[in-house]
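Novice: Note that the protein sequences, when read in sequence, are chains E and H. Number 127 in numbering that gives the first Met the number 0 belongs to position 128 of the first sequence; there are no gaps in the numbering. Number 126 in numbering that gives the first Met the number 0 belongs to position 127 of the second sequence; there are no gaps in the numbering.
Rather than coming from a laboratory, the hints here were simulated on the basis of the structure. All clues given are correct.
A pair counts as met if it fits within one copy or between any two copies, since identical chains are not told apart.
Once the Cα atoms are required to be at most 25 angstroms apart in a straight line, the calculated SDA-like pairs of lysine to any residue come out as: (1) Lys158 - Ala229; (2) Lys158 - Val184; (3) Lys158 - Leu228; (4) Lys158 - Glu139; (5) Lys158 - Ser269; (6) Lys158 - Pro90; (7) Lys158 - Leu227; (8) Lys158 - Gln213.
Number of protein chains: 2
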Amino acid sequence: MTENSRAAVGWIAVDWGTTQVRAWALSGSGEILQRASSARGMSTLTPDQFEGALLELIEPWLDHERTIDVVACGMVGARQGWREAPYTEVPCAPQAVERMIRPEVRDARLRVSIIPGLCQRAPADVLRGEETQVAGLLAEHADYSGVVCLPGTHSKWVKVRDGRVTAFQTFMTGELFALLSQQSVLRHGMQGDAGHLDQQAFDSGLQAGAGQAQRLVGALFGLRAEGLLAGLGPVAARSRLSGLLIGEELAALDERWRGQQVCVIGDGESAERYRHALDTLGVTALTVSAERVTLAGLSAAHEHIQRGI
Amino acid sequence: MTENSRAAVGWIAVDWGTTQVRAWALSGSGEILQRASSARGMSTLTPDQFEGALLELIEPWLDHERTIDVVACGMVGARQGWREAPYTEVPCAPQAVERMIRPEVRDARLRVSIIPGLCQRAPADVLRGEETQVAGLLAEHADYSGVVCLPGTHSKWVKVRDGRVTAFQTFMTGELFALLSQQSVLRHGMQGDAGHLDQQAFDSGLQAGAGQAQRLVGALFGLRAEGLLAGLGPVAARSRLSGLLIGEELAALDERWRGQQVCVIGDGESAERYRHALDTLGVTALTVSAERVTLAGLSAAHEHIQRGI
Numbered sequence: 000m001t002e003n004s005r006a007a008v009g010w011i012a013v014d015w016g017t018t019q020v021r022a023w024a025l026s027g028s029g030e031i032l033q034r035a036s037s038a039r040g041m042s043t044l045t046p047d048q049f050e051g052a053l054l055e056l057i058e059p060w061l062d063h064e065r066t067i068d069v070v071a072c073g074m075v076g077a078r079q080g081w082r083e084a085p086y087t088e089v090p091c092a093p094q095a096v097e098r099m100i101r102p103e104v105r106d107a108r109l110r111v112s113i114i115p116g117l118c119q120r121a122p123a124d125v126l127r128g129e130e131t132q133v134a135g136l137l138a139e140h141a142d143y144s145g146v147v148c149l150p151g152t153h154s155k156w157v158k159v160r161d162g163r164v165t166a167f168q169t170f171m172t173g174e175l176f177a178l179l180s181q182q183s184v185l186r187h188g189m190q191g192d193a194g195h196l197d198q199q200a201f202d203s204g205l206q207a208g209a210g211q212a213q214r215l216v217g218a219l220f221g222l223r224a225e226g227l228l229a230g231l232g233p234v235a236a237r238s239r240l241s242g243l244l245i246g247e248e249l250a251a252l253d254e255r256w257r258g259q260q261v262c263v264i265g266d267g268e269s270a271e272r273y274r275h276a277l278d279t280l281g282v283t284a285l286t287v288s289a290e291r292v293t294l295a296g297l298s299a300a301h302e303h304i305q306r307g308i
Numbered sequence: 000m001t002e003n004s005r006a007a008v009g010w011i012a013v014d015w016g017t018t019q020v021r022a023w024a025l026s027g028s029g030e031i032l033q034r035a036s037s038a039r040g041m042s043t044l045t046p047d048q049f050e051g052a053l054l055e056l057i058e059p060w061l062d063h064e065r066t067i068d069v070v071a072c073g074m075v076g077a078r079q080g081w082r083e084a085p086y087t088e089v090p091c092a093p094q095a096v097e098r099m100i101r102p103e104v105r106d107a108r109l110r111v112s113i114i115p116g117l118c119q120r121a122p123a124d125v126l127r128g129e130e131t132q133v134a135g136l137l138a139e140h141a142d143y144s145g146v147v148c149l150p151g152t153h154s155k156w157v158k159v160r161d162g163r164v165t166a167f168q169t170f171m172t173g174e175l176f177a178l179l180s181q182q183s184v185l186r187h188g189m190q191g192d193a194g195h196l197d198q199q200a201f202d203s204g205l206q207a208g209a210g211q212a213q214r215l216v217g218a219l220f221g222l223r224a225e226g227l228l229a230g231l232g233p234v235a236a237r238s239r240l241s242g243l244l245i246g247e248e249l250a251a252l253d254e255r256w257r258g259q260q261v262c263v264i265g266d267g268e269s270a271e272r273y274r275h276a277l278d279t280l281g282v283t284a285l286t287v288s289a290e291r292v293t294l295a296g297l298s299a300a301h302e303h304i305q306r307g308i
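Next up, chain E with everything else stripped away, as it sits in the complex:
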């Protein structure tokens, strides 16, 4: 960045997850000037390493003379993160902007704010980062009412009404898929061509997973046995497993949430799989870009900070 473009940086947005950190340099009017990311996620850092990991990403964007606001969401605020930002309990607005915390920093050019995650007492559940995406969705669609689906390693389903989160539920679908396809006995029939999806196999898994006839634990080993007995190929086996797990997730959703408007937040193939799965089961879902709503949510928090000055 040149000195001129450094001067144009109004603030910095950060989405700091378990395995990754992404940062954006934004102009005062919200234009994206630069993007940066690294694999120095929360799980790789001790509390005293966060400032250094952040500077590695954003140092080129900083002015020498000026303190700049960094607004962060995600696992950075977990107990094992930079500094704990205690959960806000639902029902509540997605972002508890008045409860953001400020970790101490050595570099005077930084003023860091971390947005708290959400918790739910019964059934017990927690999230960090998704609250900001939901806030971003509401910043763009203030009257959105319904269910928000956020696919991922742990997918989250968030119920929104009158600008508040009323309940949410976490599914370990992505993590189960990774464990089963890479580490369980099923891996023997799933190697190679990891990127491809066999749509027909996915759909048959989806129907089986979403159906009431058989539960997931009773269906998994069949993928191995069909490989041995009927020549089920690796791409079909992996696609069927993905369908089974997503189908099971959709069937397991709180019944009271059915028949609501659904919005899928995500980029790329994972969001498309969920949208397609919902469509197959008769639910038409909006899809919204994850980067866009993340930035909209972080911007809303930043505006609150500016109003407070």
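Could you slot chain H onto chain E? The hints should help.
Specialist: Just chain H now, kept in the frame of chain E:
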């Protein structure tokens, strides 16, 4: 072994699984003279290494002048094993003794027979080793009719009628428990005291898993969240997970199998958990020692070989 006791060895029984191999030296009248085991399971060996791994265990039992029968069951007969013993398709007698195969051996003192596993076309399923335990159960209780439960990394439920296996189903319950408790995000709340069971936590998991209200994938992350929000301890969390998975397995069992007599084959804590779980759900199950029925099944196959001489 002294020369005298070597002379007393009538034949050798072997249960050769994926990760372990166990061998017994038996007298002509079926008395156990010696036991041996090693971690050289099927998954650690190439086909040409099986004979050496077997000799490591049983060499001290062999006479220099005499050929001795070794009767083996389990993954040793898989496609990736010593030599493939093709599956027998159900419905059929549990042991297809007339279809045992004889891998070539270099050591003239050995005559090895491998018992085939079973397959089922729809739903696709396979087993190896459990057919011999079921055969052993039937050798001792010829008129047994009902369901046989064989807990393990992959638990098997086998339906038996008129001395034949009519159907079976595999659940990856033990493997899922290991993956989730040791490798998933849930491990953070499950470390330490791996041997203990919190009976009350197990029972609450069992009821939740067996119930219709919530599916497994919707319940898993709650174990992590309760650790964070309500101080759920590691022993309770792991016990609840075990209950959830076993409950889900029992609920997923083919409906047509309900109301039948159930026999649990197994030694130690795992079998006791299943017996207790069945009891809690109103099913009184017999329990039978796994070693005992394994040897009874291998003996039945050995008798067939002897009659053939």
